[in-house]
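Chains as they are written, first to last, in this note's numbering: chain F, -2 to 402; chain B, -2 to 402.
Treat the hints with care, as some may be off.
If several chains are the same, the list does not tell them apart, and a pair holds so long as it fits within one copy or across any two.
[To be verified] Here are the computed lysine-lysine pairs in the DSS-like style, where the Cα-Cα straight-line distance is at most 25 Å:
#1 Lys334 <-> Lys282
#2 Lys334 <-> Lys62
#3 Lys332 <-> Lys62
#4 Lys62 <-> Lys76
#5 Lys282 <-> Lys35
#6 Lys35 <-> Lys76
#7 Lys332 <-> Lys282
The hints are simulated quantities; they were obtained by calculation from the structure and are not laboratory data.
Number of protein chains: 2
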Amino acid sequence: MTAEAGSVAAGSTVAVDRERSVTAPAGFRAAGVAAGIKVSGAADLALVVNDGPRDDAAGVFTTNKVKAAPVLWSQQVIKQRRLKAVVLNSGGANACTGPEGFQDTHTTAEKVAEVLGAGAVDIAVCSTGLIGERLPMDRVLSGVDTAAAALAGGQRAGLDAATAVLTTDSRPKQAWAAHPTGWSVGGFVKGAGMLAPNLATMLCVLTTDAVIDGDQLDAALRAATTVTFDRLDVDGGTSTNDTVLVLSSGASGVTPSREEFTALLTAVSGDLVRQLQGDAEGVTKEIAITVRGAATEADAVEVGRIVAEDNLVKTALFGSDPNWGRIAMAIGRAKAKLDAELLSIQINGALLFDRGTRAQDRSAADLSGRDIDIVIDLRVGDAEATILTTDLSHAYVEENSAYSS
Amino acid sequence: MTAEAGSVAAGSTVAVDRERSVTAPAGFRAAGVAAGIKVSGAADLALVVNDGPRDDAAGVFTTNKVKAAPVLWSQQVIKQRRLKAVVLNSGGANACTGPEGFQDTHTTAEKVAEVLGAGAVDIAVCSTGLIGERLPMDRVLSGVDTAAAALAGGQRAGLDAATAVLTTDSRPKQAWAAHPTGWSVGGFVKGAGMLAPNLATMLCVLTTDAVIDGDQLDAALRAATTVTFDRLDVDGGTSTNDTVLVLSSGASGVTPSREEFTALLTAVSGDLVRQLQGDAEGVTKEIAITVRGAATEADAVEVGRIVAEDNLVKTALFGSDPNWGRIAMAIGRAKAKLDAELLSIQINGALLFDRGTRAQDRSAADLSGRDIDIVIDLRVGDAEATILTTDLSHAYVEENSAYSS
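My request is simple: use the sequences and hints to build the entire structure.
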């Protein structure tokens, strides 16, 4: 369970620095510039370059069957487990754009490869923004030149890159953690699932200077995302563009054990996920749903998700109402093994429903604060999982309905 | 596909009278009274009695694993395919109330049996209201006496019963349709899935004077509900108390064919479902999602439901935004067989997304009205289904969060 250290459940046991990100590990440069893709003129193109000596890489992508062009491209190039650079743009998702959209992604990768003296297959592409619109390629390509010229190491360059990918996010989200043996993991993230309506997508770039080969990097990334990114569920959405990439330069010369590396990668990922939850659109409550006593971890996750996605639960929590009846109703919809007679529900420490019948009066649960902890005990096994979510507020409806395309 | 006549997809092809309900078919009496279960003093207890000569019956119940006491009771007694009467109360769901709650339901059935000179196993019980509270049994039992004394045939008695079961519904919902060969089907309904927050539950009582045995009645009810009640999805909720019962008196002396009976039962059920959609909490848009070209009907239903339950789609439609990108994203989350390159999306007649790429400009779709028709073509088969839903409005959030327990 080393991977659980720093999972959204445990909370990070590692000191995480939110002022640093992808350029903190040795061997990386980054840039973030305004290419004119966004009509607002805000920064909208980021570049993260791995200067080596190694170029191991891995990635995980959206499970949505409607995948954006950059996802289709990056899924192909990552198969070789090597990347020289990642180019990211906001201001357009390049999703549902057909063969022309895929060609735009390919052209972007070729341009980055050209300026970096690499091959197009060494370049991953990420896009976020409106679905169904072609990108203004002239601006994307000139933006790549501008970004290449601005490439630098250090804290500022990392922050520029983390800022250029933002859409409806209210702030950049960075995290970095170092291992006592002399290597570190850093990264930035934007969005949160389909939290940001048309401006879809969760994009995350992680870097490390540890010496680790691509297959181990891939295994560590899957272990880390399973207990972090996969445990945040704001509105059940999984976008057409969701991407998490990790690049390793090996510049520290240190080879950590698989457990050490997975633990630190998980700690950094878990911190980034908590930042996504805290910056969710319209969020007024940060909710952690822990499901205990499940027959399997998959059952625990399913029950946590069905509660996290239930609009009646989410609206009740927005109203600070410890409405355990709605939680029991939502749990009952799960396919997971459960028995209503064994079920218990605790909210912020108050046991309101115990083994199929009411326990303490709901007034015992104080939901006036921003943080809400729900603990569900199924009592049919010993598997456990925690899902993070947010409430369903007027602001959520406003931000997602007032948006005009 | 006779059963499709009058399904939510086709719309009723039969003349339906919304002024009549359970007492319109011969052989039935009903009553609705104020028993004092609701603190408001509004009507809260209804009785529907079958005077025969026959007493065939069938029922379908919530699939939720957390079932209210009256559901557990009624599921048992319906196994004999015979019912003398149904007693329904609003003002309390009697769900999550443990063994004591089940005893309360049993006691209620025994009381009704006593006043009607029947056995407790001939009495179905339905409850709706707050989850987790015991019922005030003294008031329930005295209410049964009051209701029994008020039992009558005719339009007024049916309306009284249809009114006594209401919770957050804004109006009673009745439907009746006659067959030219001299028999009819009538019914009333309240709620809509988990539409009514704590005041959970969809309850429906249908009656007929056709001559039809319990097994055929059961088959017809399952065929009818599959294409009507099962095709309304407002917020994905299925309550702890959902119940649909059908009682047959055989008083017309007419034995319809299975097809004739299923068609008329489906027409009446479909009309009641459209009334549920129109009275949904916070509804500002009545949305029909038709999925065509699916590999199987189950796939069509899954895709329709995943779109109907997507908060980003529901908030966009509240904002009258023909946001096909969110619909494509939602479809992509389905397990159903589909290919993004074949997918098309039409909204109110405008083809906005065709075979994987954008078609007409979204401005071609006018969503200013209350009715929105979404047609999704998967082009992987020839199965089809229509799901009815509503939008996610500020009023929905308000009604579901401001509610104070």
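The hints, checked one at a time:
{"no.": "1", "hint": "Lys334 <-> Lys282", "in the structure": "neither (29 Å within a copy, 37 Å between copies)"}
{"no.": "2", "hint": "Lys334 <-> Lys62", "in the structure": "between (28 Å within a copy, 10 Å between copies)"}
{"no.": "3", "hint": "Lys332 <-> Lys62", "in the structure": "both (23 Å within a copy, 9 Å between copies)"}
{"no.": "4", "hint": "Lys62 <-> Lys76", "in the structure": "within (19 Å within a copy, 43 Å between copies)"}
{"no.": "5", "hint": "Lys282 <-> Lys35", "in the structure": "neither (31 Å within a copy, 32 Å between copies)"}
{"no.": "6", "hint": "Lys35 <-> Lys76", "in the structure": "neither (31 Å within a copy, 64 Å between copies)"}
{"no.": "7", "hint": "Lys332 <-> Lys282", "in the structure": "neither (27 Å within a copy, 31 Å between copies)"}
Hints 1, 5, 6, 7 from the list above are not met by this structure, while the remaining hints are.
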